[in-house]
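Colleague: Keeping their order, the protein sequence lines are chains A and B. If you use this note's numbering, the first sequence corresponds to residues 4 to 380, in order. If you use this note's numbering, the second sequence corresponds to residues 5 to 80, in order.
Rather than coming from a laboratory, the hints here were simulated on the basis of the structure. Accuracy of the hints is not assured; some may be wrong.
[What the hints assert, rightly or not] As a list, the in silico DSSO-like pairs of lysine-lysine whose alpha-carbon atoms are at most 30 angstroms apart:
| id | chain 1 | residue 1 | chain 2 | residue 2 |
| --- | --- | --- | --- | --- |
| 1 | A | 224 | B | 30 |
| 2 | A | 5 | A | 224 |
| 3 | B | 80 | A | 325 |
| 4 | B | 8 | A | 138 |
| 5 | A | 150 | B | 45 |
| 6 | A | 262 | B | 8 |
| 7 | A | 141 | A | 95 |
[Unchecked claim] Just some of the chain A residues that point at chain B, by a computed CB distance under 8 angstroms:
| id | residue |
| --- | --- |
| 8 | 88 |
| 9 | 192 |
| 10 | 266 |
Ideal Cβ placement from N, Cα and C applies to all residues, glycine included.
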Amino acid sequence: MKILVVGGGMGGTILANNVARNLKDELKSGKVQLTVLSASDKHMYQPGLLYVAVGRMTPDELYRDQASLLEPSIQFQVDPVDQFMLDNNQVKTKSGKIHSYDILVIATGSRMWPDSIPGLKENAEFFYTEQTAVKMFKRLREFEGGKVVIAMGVPHKCPMAPLEIVFMLDDYFKERGIRDKVQLHYTYPIGRVHTLENVAKWAQPEMDKRGITYETLFNLKSVDGEKRLLASEEGTETNYDMLISIPAHKGMEVIENNKLGQNGWIPTDRYSLAMEGRSNVFILGDTTNIPISKAGSTAHFEAETVGANIAALVRFGAPVRKYDGKVFCFIQAGSEKATYAMFNYTLPPDPKAPTRAIHWFKLAYNKLYWISARGLL
Amino acid sequence: MAEKKLIDARGSFCPGPLMELIAAMKMVAVGDEIEILSTDKGSAAEIPQWINKVGHEYIGSHEEAGVWHVNVKRSK
Ligand SMILES: Cc1cc2nc3c(=O)[nH]c(=O)nc-3n(C[C@H](O)[C@H](O)[C@H](O)COP(=O)(O)OP(=O)(O)OC[C@H]3O[C@@H](n4cnc5c(N)ncnc54)[C@H](O)[C@@H]3O)c2cc1C
């Protein structure tokens, strides 16, 4: 039996390790083969990009060799998939190889889409890739004062990042001793400063305390680089000296090209995580169309469910678990305090006020990430 | 011909039904309708507020067994 995992990020890595441990004997005897195909030989700790953007981490600290994170029984190849031939249970890779499978898992993630807004790509700073985070940091270092505007599109991965970056910027400018020369202006698409009501309840007074101004119900429409002016769908305008954006996201191009889902989001059953209409194809992480946070923890919990189900399918032909929508997100509130939100499809989140203790735990988790990717946490 | 898209945002706390709608609005054509399902009472008020502010059309909403069905149309 052949199990094929496409994508070696958070979801694909945890899933593959989970299956490898669950089906140790079957892999050893050759009854099962487990292959991971990815686009890179490196694995990036994406949350670290936030720290790179404000000079607290260097890019080399973000990476590990992907092969070192996978159980030795997993066959790992850096050869991205170009074509999904789901009717034949096959994929074709960039190098032209055809891989057949009995069970397929797709976890190719998502990417920012700055082209979704006219003028955004040319005029804003971003921090969702290594190259843009480094560029943003260089630009910040040269910045001597003026209005910094933070604006986002939807959907975007990591729903906590908008708040995290604004508080980190506040600390950054304070540390440089130029906070009084900088107006930090935060915008948000819906009618409060964060989509989670309880998070918005502490974040708004925190912004007031720090002198961060904000405009809610602000959805990016266009950016005029010459006039340094942002226009919103809601009809308002805001000028800026430096624009920092988390643009709307899309799934990967390969998903769109193969028509697996509009904008690269694959229609996925929210409980079984099977691709709609396909009982042997499972979807994990950012690339599902499930209306929950696109976050590493989502990919992690989904991978645990699918891992258990694949093992059960191999052993006795039926899945054993349902995904309950569980998400756990740390929320860094500046450089010294943090909190977290945990929720699922039925239990709403109830985050508490940020504390130093949770901040230290989050710092520890930054290191523990690699253990978590190995599927040991 | 105008189409109708269904967004099942039941159990969505984060990003939440309104954020799902904002994203979906860009994926449909002008004149298309969207029906959004939500288990969050707040969205029945929040969605029309945003729709009216931006200038799309709010068609109406009703509740059925704890699920709000909110109907809107993309108008620009
Ligand atoms: C700045 C930032 C901060 C974040 N902070 C947090 C946080 O604090 N907490 C949190 O939980 N999440 C956070 N996230 C989000 C988190 O990193 C992602 O949600 C998570 O990595 C999604 O996992 P995934 O497996 O779906 O995709 P990814 O981890 O992105 O992996 C996708 C994989 O697919 C591979 N791939 C792509 N195309 C192909 C192809 N054609 N064929 C084969 N392989 C392919 C890629 O090489 C990659 O290995 C943050 C993200 C960013 C950018």
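Colleague: Does each hint fit the structure? Answer for all of them.
Modeller: Status of the hints after comparison with the structure:
1. The suggested pairing of residue 224 of chain A with residue 30 of chain B holds, with an alpha-carbon distance near 11 angstroms, which does not exceed 30 angstroms.
2. Of the supplied pair hints, the one linking residue 5 of chain A and residue 224 of chain A is violated, its CA atoms being roughly 46 angstroms apart against a limit of 30 angstroms.
3. This hinted pair does not check out: residue 80 of chain B and residue 325 of chain A have alpha carbons roughly 40 angstroms apart, beyond 30 angstroms.
4. At roughly 42 angstroms between alpha-carbon atoms, residue 8 of chain B and residue 138 of chain A are farther apart than 30 angstroms, so this suggested pair is violated.
5. For a cut-off of 30 angstroms, the pair hint linking residue 150 of chain A to residue 45 of chain B is broken: about 37 angstroms separates their Cα positions.
6. For the hint pairing residue 262 of chain A with residue 8 of chain B, the CA-to-CA distance comes to about 20 angstroms; that is within 30 angstroms, so the pair holds.
7. Taking the CA atoms of residue 141 of chain A and residue 95 of chain A, the gap is near 40 angstroms; set against the 30 angstroms cutoff, the hint is violated.
8. Hint status for residue 88 of chain A: violated, given a least beta-carbon distance of 26 angstroms to chain B, over 8 angstroms.
9. The beta carbon of residue 192 of chain A comes within 6 angstroms of a beta carbon in chain B, closer than 8 angstroms, and the hint placing it at the interface holds.
10. Given the 8 angstroms rule on beta carbons, the hint for residue 266 of chain A holds: about 6 angstroms separates it from the nearest Cβ of chain B.
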